[in-house]
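These protein sequences, in sequence, are chains X and Y.
For the first sequence, our numbering assigns the number 1 to the initial residue and increments by one for each residue that follows.
For the second sequence, our numbering assigns the number 1 to the initial residue and increments by one for each residue that follows.
Hints were generated in silico from the structure; no laboratory data involved.
Since the structure is predicted, the reported quantities are computational estimates derived from the model, not experimental observations.
One or more of the hints may lead you astray.
If several chains are the same, the list does not tell them apart, and a pair holds so long as it fits within one copy or across any two.
Claimed, not checked - No farther apart than 25 Å at their CA atoms in a straight line, the calculated lysine-lysine pairs in the DSS-like style are these: (1) K38 - K75; (2) K119 - K38; (3) K75 - K119; (4) K38 - K26; (5) K163 - K26; (6) K124 - K38.
2 protein chains.
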Amino acid sequence: MIEPSIALYGEAFNRVSTLLDDLLQKAHVRYAMLVDRKGFVLAHRESLWAVKPPALDSIATLIAGNAAATSALAKLLGERRFNELVHQGERIGLYVEEVASEALLVVIFDDTAPIGRVKLYAKKSIEEIETLLESLGPLEMPDLNLGADFASSAGALLDDLFKVSR
Amino acid sequence: MIEPSIALYGEAFNRVSTLLDDLLQKAHVRYAMLVDRKGFVLAHRESLWAVKPPALDSIATLIAGNAAATSALAKLLGERRFNELVHQGERIGLYVEEVASEALLVVIFDDTAPIGRVKLYAKKSIEEIETLLESLGPLEMPDLNLGADFASSAGALLDDLFKVSR
């Protein structure tokens, strides 16, 4: 099973959410998401005034796939990778930028937000999120502390499951 | 076999090339290409000062694939498609915009060209190329004029090919 390369929980999750809320307000964008490079949504916030958001999970997956696909293009042009992508439709724009090496910041905005403002505040948010992620250190899973008790009770449970009724 | 949806030849090809040259100069970009949505390079020009270009055919194929892939993303956001894509690396940038419904203008620039200038002149060139493409009308293949003569000689040739040697 694919698992996210970063897990945001507790205090770190709250702080990223606050930073995203801040970005929503300052840049006047609709949605802001922190996405794992594998396509997992790590955190997302939406503006109160924005219409119901589209399927953010699908968007995250497509964006992560897209970011991976463009790396071939970047290499052909002698770049390690593109660290910034802008997709502009008639009304809706999508801005994607790298956050450290594991994550992407995705900002979805409409024609009420000039792209310059979106970029400016997104870059500020990214710096803050990067500092936060660095302070977290490598991904640590909570220690489950499985002792002798667990082994014996799990053994008993398995015995029970496979017990042949006579 | 896949065939390009537009064929540029003769006078039309020369005029598109002149427009691309004009864009290179005004926007100070490295390479400018007109690419079919299927990934065929219809016309391409490079600046005299630019380093040897990368494999433009591969770039065209990747860009056309990428443009098709992002249309799923656009639809999720309620857009018909994204008509403008910007990929920004550390030094090299890539700007892709729709030309009518069949083609894409691809501009590759470096940090000597501000993106605003690239977009401005690219949009002007696109208008001119669109006017030019419209004047061409639908793709017309030269009429081969296969008459009765061709039928009989082809028939004889086929007879010859399948003649059982006795």
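Hint check:
1. K38 - K75: both (20 Å within a copy, 21 Å between copies)
2. K119 - K38: within (23 Å within a copy, 31 Å between copies)
3. K75 - K119: So K75 and K119 pass the 25 Å test inside a copy (24 Å) and across (23 Å) alike.
4. K38 - K26: neither (28 Å within a copy, 40 Å between copies)
5. K163 - K26: Neither, since 63 Å and 81 Å both go past 25 Å.
6. K124 - K38: within (23 Å within a copy, 38 Å between copies)
Of the numbered hints stated above, those contradicted by the structure are hints 4, 5, listed in ascending order.
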